[in-house]
Structures are given as C-alpha cells and as structure tokens.
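Engineer: Full structure from sequences and hints, please.
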Amino acid sequence: QVRLVESGGGLVQAGGSLRLSCAASGRVSAINDMGWYRQVPGKQRELVASITSGRWTNYSDSVKGRFTISRDNAKNTMWLQMNSLKPEDTALYYCNANDESFRSYWGQGTQVIVSS
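Residue numbers (my numbering): 29 to 144.
By construction, these hints were calculated from the structure, which means they are not laboratory data.
Since we're looking at a predicted model, the values are computed, not measured.
Ideal placement from N, C-alpha and C gives every residue a C-beta, glycine not left out.
There may be inaccurate statements among the hints.
What the hints assert, rightly or not - Here are the computed lysine to aspartate or glutamate pairs in the DMTMM-like style, where the Cα-Cα straight-line distance is at most 20 Å:
| no. | residue 1 | residue 2 |
| --- | --- | --- |
| 1 | Lys92 | Glu74 |
| 2 | Lys114 | Glu74 |
| 3 | Lys71 | Glu116 |
| 4 | Lys71 | Asp89 |
| 5 | Lys103 | Glu128 |
| 6 | Lys92 | Glu128 |
| 7 | Lys103 | Asp127 |
| 8 | Lys103 | Asp61 |
| 9 | Lys114 | Asp89 |
| 10 | Lys92 | Glu116 |
As the list claims (entries may be wrong) - Derived Cβ-Cβ restraints for the label pairs, each shown as a range:
| no. | residue 1 | residue 2 | range |
| --- | --- | --- | --- |
| 11 | Trp84 | Gly54 | 33 to 39 Å |
| 12 | Gln139 | Gly93 | 22 to 28 Å |
| 13 | Gly43 | Ser88 | 16 to 22 Å |
Structural biologist: Given below as structure tokens:
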C-alpha cells in the first residue's frame with residue numbers, strides 16, 4: 029500500500045503562486061509514475077501534470093508554461109509549482125501514484141482557490 033498526503037493549497041490572488049507538495053509513505057519503492065489531478069464540482073477529474081520515475085514530464089495544455097511538476101525519490105515527495113495562477117485553476121488538487129502492479133493511489137486532496 030502507498031499513502032499520499034497533499035499540502036500547500038490555499039487562497040491566492042490571480043497572478044500569484046502556490047507550491048503543492050505530495051508526501052508518499054508505505055511501499056514507496058514500488059511507485060512508478062506520479063501525477064497531479066484536479067477536480068471542480070460537477071466536472072470530471074482531469075490530469076494537470078505527470079512525471080515518470082525517470083522524471084519525464086507531461087502537462088495539460090491549460091497549465092503548460094505556468095506549472096512545473098517535480099519529484100525527489102529520495103525524499104518520497106512530489107511537488108507542483110503553480111505560477112501565474114488564474115481563477116479557472118480553482119479546484120481540489122489530488123496527488124496520484126501508480127505502482128509497478130498498475131495499482132493507483134490517491135491522496136485526500138488539497139483545495140486551491142484563485143480569486144480574481
């Protein structure tokens with residue numbers, strides 16, 4: 029089992045920045061890909077950014093150039109640096125990890141609110 033705990037969400041004005049963290053515990057050695065997702069009420073959860081164990085990254089078009097995903101396997105931590113935030117970035121942000129058996133794990137989510 030893998031446990032994921034997000035932190036770093038909050039209220040920020042448009043144009044501001046936030047840095048989300050995701051701390052992993054448990055069978056961390058089995059983790060392969062990780063990613064950040066977000067969800068707003070009434071909509072499907074969407075991929076924001078992902079990062080492989082080899083640190084290849086992928087971003088949704090809506091955040092490309094503004095957000096940066098990173099991870100430190102030695103610290104069992106993943107981050108999402110969010111700059112130039114927009115009101116449409118307001119959502120509940122979830123940390124996700126997939127292990128070598130393709131099991132998917134989720135954190136409890138951290139709320140990001142961007143005011144205009």
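Engineer: Hint by hint, note whether the structure agrees.
Structural biologist: Quick rundown of the hints versus the structure:
1. Lys92 - Glu74: holds (14 Å)
2. Lys114 - Glu74: The given pair, whose Cα atoms are some 16 Å apart, holds under the 20 Å limit.
3. Lys71 - Glu116: OK: Lys71 and Glu116 at ~13 Å, within 20 Å.
4. Lys71 - Asp89: holds (18 Å)
5. Lys103 - Glu128: Distance ~19 Å between Lys103 and Glu128 Cα, so the pair holds.
6. Lys92 - Glu128: violated (28 Å)
7. Lys103 - Asp127: holds (17 Å)
8. Lys103 - Asp61: holds (15 Å)
9. Lys114 - Asp89: Roughly 14 Å between the alpha carbons, so the hint for Lys114 and Asp89 holds.
10. Lys92 - Glu116: Satisfied, since the Cα-Cα distance of roughly 14 Å is no more than 20 Å.
11. Trp84 - Gly54: 33 to 39 Å: Cβ of Trp84 to Cβ of Gly54: about 24 Å, so the range 33 to 39 Å is violated.
12. Gln139 - Gly93: 22 to 28 Å: holds (24 Å)
13. Gly43 - Ser88: 16 to 22 Å: With Cβ atoms ~20 Å apart, the hint holds.
Of the numbered hints stated above, those contradicted by the structure are hints 6 and 11, listed in ascending order.
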